[in-house]
Each structure stands twice: as C-alpha cells, then as structure tokens.
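Chains A and B, in that order, give the protein sequences.
Heads up: take any position in the first sequence, counting from 1, add 14, and you land on the numbering used here.
Heads up: take any position in the second sequence, counting from 1, add 2, and you land on the numbering used here.
Simulated from the structure, these hints should not be mistaken for lab results.
None of the values given here were measured: they were computed from a predicted structure.
Mixed in with the good hints, there may be bad ones.
Claimed, not checked - Calculated lysine to any residue pairs in the SDA-like style (CA-CA distance at most 25 Å, straight line):
1. A:LYS143 / B:GLY81
2. A:LYS164 / A:GLU89
3. A:LYS164 / B:GLY81
4. A:LYS178 / A:GLU208
5. A:LYS81 / B:ALA217
What the hints assert, rightly or not - Covered stretches of chain B (chain A as the covering partner; in silico rule of three or more C-beta atoms under 8 Å from a C-beta of chain A):
6. 12-19
7. 27-37
C-beta: ideal position from N, C-alpha, C; glycine also.
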Amino acid sequence: MLNITNLECVRGDRQLFAGLSFAMGEGSLLHLHGPNGAGKTTLLRAIAGLVLPESGDIQWNGQSTRKLGEDFNRELIYLGHHYGLKFELSGYENLRIFANLSGFDIAERQVEEALQQVGLARCVELPVKVLSQGQKRRVALARLLLQPVKLWILDEPFTALDVKAVAMLKEMIQAHVAKGGMVILTTHQHVDIEVGQIHHIHLGAH
Amino acid sequence: MFAALRCIIQRDLLLAMRHRSDVLTTLFFFIIVVSLFPLGVGPEADLLRAMAPGVVWVAALLASMLSLGRLFADDYADGTLEQLLLAPQPLALVALGKVLAHWLISGLPLVLMSPLLGLQFGLTGDALWMLVMTLLLGTPVLSLIGAIGAALTLGLRGGGVLVSLLVLPLYIPVLIFGAGAVEASISGLGAEGHLSLLGAILVLALLLAPWASAAALRISVE
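Work the whole structure out from these sequences, hints included.
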C-alpha cells in the first residue's frame, strides 16, 4: 500500500538519510528508531507531504503521493510535535473543525463520544488553553477516533501522556492495525505493541 | 468544497470573536491616524477636502498591514497551519477562506467607519459615497495581496517589517485608483474609469492571490 523507494532527505546542508526504501501493507505498524537529529520527524513529514524529499519516490497504492495530493490527504492523519489545536477554542470546536474540513459528516454526539473515550468527558466545553499538556495531547488523539482514515502518522505520540493514557493509545493503535489500518510512529519510550506485522527502521545520525 | 470554505471562514471569525481586542486595534488605529490629520493640518476646509482621499486611503493601507501579521502566524505557531495543509481540500481554497475572513475582520469595519471619517474632512454626498465604494472594492485586494506577503514571510525573524517592504509597493495601484476615484468625484469628474480598474484589480487578485498564497504557504511550512 505504502511504497517508499530510494528516499533521500536533506535539511539545510546536512543529508539526513538516503537510499531509504521500505513497503508496508494493510494491518501493519512501522516503528521508527534513531537518536535525536536522525531525521525521524523529517521522514514522517516527508511521507505526509509536508516536506519535499530531495530525491526518491513515495507511492500510495501504486500512485505518487505528490500526484494524489488531496486524495492522499484524505487517507491520513498526521499528529506532530505541535498539537495542531486552537487554544482559544474548546476541544469540541477543534474536533468539529477538523471533521468538517475532512469532509466527514460527523454528528455532535460522535464528537462528544470521542472526547469521552479519551477521558475528557468533563472538558468538552473548556477552551483547550486551560487543559494540561497531557489533556491537550488527548484532544489531538481524539481525532484518531473520529476520522476513519487508513494511515496514522504519529510523531512522539506518547509524550506528556500519563500511564492510563499510554495504555489507551496503545490499545487504539492495536485496534487500528487489527482492523487493517496502518500506523507509522516514532517514540523514545519503550512501548510494547504486539499486533499484525511490525516493521522497525533504524535511522542513524551521520 | 463550499462547505470547507465556510468552515474556514467560520473558524477564523470565531477565533476573532475570542480575541476581540485584536480586531478593535486595527479599527482604532485607522480612526486615530485619520483623525490626527485635521488636528495637525488645521481647520482649513478646502485643504482638508483635497487631502481626504489620500489620507483615508493611506491609513487604510497601513491598518491592513498592521493586521497581516496575524493572518497565518498564529496558525503557523500552534501547528494548525500544517493540519490545514493536510486537510483534503485544495490549499488555495483554504487560503481564500482565510483571506475572506481576514477581510471581514479587518477590512469591512474600515469600510463601515469611513463615511464618519470622511465627514471630518468635509466630504459630502457623492464624494462620501465614492469613498465607501472604493474602499469596498479596494480593501479585499489589500487582504488578498497581503496574504501572499504574509505567507512568504512566515516564520522569518522580523517578518513584520519585511512584509511591509514586500507588500506596500504592490498596494500602490490600489492606492492610486482608490484615492483617484474619490478625487475625481470631489472635482465633479466621473469616477467610472477608476472604479472599473479597481474592480478589474479585485477580480485579478481573487483569481491569482489564493494560488500564490498557497504556494508560498507550502514553502514556508517546509
């Protein structure tokens, strides 16, 4: 489904990685490893289409993701270092905007349920800025429950989460992969996820 | 597609509602700059009437510049801009939505306030009406062109000054035809020519600026 061939990414004058190739199909999880500065985030952003790779090809179902453009965007959710939330708006409003922009017709109740599932039932109407770091992260994660997409790209999703939330996210990832979804993630924490096909890629700092 | 456009506009208007002070700053800046001129120049009616179009228009340009900084910068800082880039919608549409919201927030209030300010300068009747008309046609162009500059300077140090240097020269045609139309109306000449040209600039900007902003946003986010 996702085919990456000979990918090379450069940040400034520094080559982060080159000749990177891998493929992943439905129901699989890719765990990226590597020290700080190895290019994990850049690789994730390149796959999502936010960074233009120096050379190489990223294909989704046999078609270049660049060419697919918005059609590829419809298949993925990218959660980066930033929460991607408007702090002045409530969790409910934030999720509602994401859902509307993605073209999913989502009922009010579904949004509330998603927030309930990530343990924020009582914070639905609060502006995100008054929530703690971990709670903000949970609001961002609630999108994964709300928008039924195939590919999750998660950059350090476990930071700021408490033990309970880490377990919850692990379950969410396992359920998604078990349903035939695909997850690409980076994390420095040791998280044991046992589901489907698990690939590991080690990016080394040059 | 129009649902997405509406969603972006609603979102930005909602954010502006939560940040009312930002909106009012632009408007009060406009009012104060324009009001300073009669105080500084003196109460000579003919002189004031002659300089009214230029003064109001220059103040509108500066007020529009003032609010450009916030157009994309906040979204860039909190990561929502990259999420907008990843939304399954044409980026130009997203950019257009943001520009329209920006105009509703920072341009439209100036248009609505302008007749009152025109009165300070002794403008009456047709000239006052023409001032409103030109601002109505011209201020969306300011937002559209400004968006390109704001997108290009995103994340740069001192972006605010840079965006002025980049965008103010591009505002010149709008200034010339906008102020020109009001002057023509004051001196009793027809202003249709000026108005048509302003309209043409608006159409051109509407067609091209969203694409240019979208391309600039992609570069800036990378």
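Here's how the hints hold up against the structure:
About 14 Å separates the Cα atoms of LYS143 (chain A) and GLY81 (chain B), which keeps this hinted pair within 25 Å; it holds. The straight-line distance between the Cα atoms of LYS164 (chain A) and GLU89 (chain A) is roughly 5 Å, inside the 25 Å bound, and the hint therefore holds. Proximity of LYS164 (chain A) to GLY81 (chain B) is assessed by CA-CA distance (about 22 Å); at most 25 Å being required, the pair is judged to hold. Between LYS178 (chain A) and GLU208 (chain A) the CA atoms are separated by roughly 18 Å; this keeps the pair inside 25 Å, and the hint holds.
Annotation: proposed proximity of LYS81 (chain A) to ALA217 (chain B) holds, straight-line Cα distance about 15 Å (limit 25 Å). Counting residues of the segment 12-19 of chain B whose beta carbon lies closer than 8 Å to any beta carbon of chain A gives 3, which reaches the threshold of three, so the coverage claim holds. Counting residues of the segment 27-37 of chain B whose C-beta sits closer than 8 Å to any C-beta of chain A gives 0, which falls short of three, so the coverage hint is violated.
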